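Model the placement of chain B on the given structure of chain A, informed by the hints.
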Amino acid sequence: MNIEKIVFGFFVLLALTLNFSFMVGEVDNPAHHHVIEFFLVVIVNIIVTGLKLGDRSQIGALLLATSLVADLELVAAAIIWTFAVHVSETGMTPETMVIIVSLAGGALIANVVSVLVIVAETLMLRR
Amino acid sequence: MQDSAAPDRVTFIVLRYMRRPILALVTVYAISMVGWVVIPGTTVHGEQEPMSFFHAFYFLTYTATTTGFGEIPYQFSDGQRMWSIVSLYVGVVAWLYAVGSIIRLLQNPHFRQAMATRRFARFVTRMHQPFVIICGFGNTGSLVARGLSDAGMTAVVLDPDQDRINALQLRDYRVAMPGLCANARVPAHLVQAGLTHPACRAVVALTGDEEVNLKIAVATRLLNPQAQVIIQSTSQVHEEAIATLGGDVHIVDPFKTYAGYLAATIDNPRIHVLNRWLVGDPDATLDQVPSTPRGKWILCGYGRMGRRIDESLRSQGIETTIIEPEPPEGEETPPDMIVSRATQAVLDEAGVKSADGLVAATDDDAYNLGILLNAHALNPGIFAIARQDLHMNEELYARAGAQLIMQPSLVSARRILFLLIAPALKSFFERVRDARLDDADGFLPGLFDELRTVVGSQASPRVWTVELTQAAAPAVLPVLERGGTVRLADVLKEPGDRDRRLPCVPLVLCRGDTVQVMPDLATPLHAGDQILLCGRERAVGLLDATLANEYTLGYFMTGAEPPRGYVMRWLLGRRGTDRVKGTPA
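Here the protein sequences come in this chain order: A and B. By numbering that gives the first Met the number 0, the letter at position 121 of the first sequence is numbered 120, and the numbering carries on one by one without gaps. By numbering that gives the first Met the number 0, the letter at position 74 of the second sequence is numbered 73, and the numbering carries on one by one without gaps.
Excised from the complex, chain A in its bound form (with noise of 0.2 Å):
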């Protein structure tokens, strides 16, 4: 038992679930993804992000890269969504809410492969 190995698995899995929590729906209705869930993956992203910082290992480095890649969409999703909100006229159309599931759904992939990665480096070193 490690107890940086216990909060590290929390929250990357954590992560992904929420990903994908926030996907279920309609890809297009904006009353099926709600604005505080998004807010939820966002910050539990960023976190994960944080704590892979710090591994010089190469399992470490590929760990990093697919959190970096989550977060690069999830927050391209936030700007697009605050975009639409706050300053186009048209508010948030079903248009923009796909662009901004889709954005998400390309962040679950990126965490998918976190949470593989971890699993098999585990295996591996049966112990």
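Derived by calculation from the structure, the hints in this document are not laboratory data. There's no promise every hint is true.
Said to hold, decoys possible - Take a look, some chain A residues computed to stay more than 10 Å from chain B by CB distance:
#	residue
1	GLY8
2	ASP27
3	VAL68
4	VAL86
5	VAL114
What the hints assert, rightly or not - Partial list, computed: chain A residues near chain B (C-beta under 10 Å):
#	residue
6	ASN1
7	GLU3
8	VAL6
9	GLY49
10	LEU52
11	GLY53
12	GLN57
13	ILE58
14	LEU124
Nothing here was measured: the structure is a model prediction, and the numbers come from that model. Ideal Cβ positions, reconstructed from N, Cα and C, are used throughout, including at glycine.
What follows is chain B alone, placed relative to chain A:
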């Protein structure tokens, strides 16, 4: 024409061969074209006009080459038709002559040789991996090439016999093995084979001709002093001449090696078992240690080898009876030697029925096999050691029932491979040979126990070298630079459980000029150390991973897994200091 100018030679041969056909073609074309531009024809506009040079050449191009392309600028006049008959026949004949010459040129053995040499030289020039030049692709040469291929090392082969080079090209090597049919006696051929190439590591001379081998050694010393020279030699005179050359020269005398090895094996069969196992003989396991009997021995053949075996047996107080049909003249021979061929009657007379051991060490395979059969007929339980000269007799020897079979070419080849691939193994075997043969010092039994428990006694272990450089061990060097201590035992652990060892045993540790055989696992490592290991395939990758991953190494050294990320390190570190502060002093 010099051999070193092979590319020029190809051009030269082509020019000389094609001179007449090209002249003939040019003449025929010239005459035909002159005819066409003189003989008038009728154009579409009905004017009387001969062909232009362009049209004449165009017409000849498709008729003389018998292409028969049917586009004609305009209808021919009868004069033109007559001239086209002439030019077509002459042109076709000239072309056939030229094509025939080209085919003859391609079949010319000198031309083919020149082309092969050029291709070979180009290939060698473009090689960038370290390689070895093998001169002579006989029994030993092909075994060395096979061994190098298994170790992933390229070799360039020179052999004066085209059949051997063809045989080389039919083998399924894992790496490129370019071969050239050429006599290594000519230094230019050695240069073509890459002797002066910066990646040339060693030259192995196995030509079977002592003079040629010596010349190869001299050429190597002069043209590439950095290259290692390994020479097969069986004559004392040549060995002395070679040894005085200096530099990195090794002489492999198959008879000496073989006799020494045979003698050591009779002394202690463990050496034979260990050797066979380490070189990866598929049938060898560490469990089958035959026990050599110490009663009376019969020795058939008293040549250079028989003599050494006899010396070795007698020095251990073993009684020997020698049978030799043609004892060397002018040399001292044992008084009780039986001068005869070893027939069944003679073997019986020599006391084979009451003997414990038999050595068939003549240089004739058929004779050795005959001795084995006769001896087994008289004494089925006798311990037999047989010398096998030719690889092709393997099946016969397998059935002849000898406990130990020695192939000089195999012994030479393995020795050469050790020198090329794992030079540290030499010190290991020297230590093995120096071990007390009665096992009083416990070196050999200890080694066997270690190998059996850690690596396992089943066949085909991997023998490989690890060098502690920044590239190969990026996790170890920073620890050493910080003044930390990494012990041999620290890196040889199982990633799954640091209390277990990887299935590999360090055989030799080389540090500069000092060589440690069977190093203690508590030995601290230094940067630049070379470790020769013997183990299972699995251990190779795991050890590489440990040497490259500072976290695995740290876990092995301390057993603890500190947090890796900045955040957790900061958090856990603060909690740790709090706890330290909180503890009563």
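Structure versus earlier hints - violations, ascending order: none
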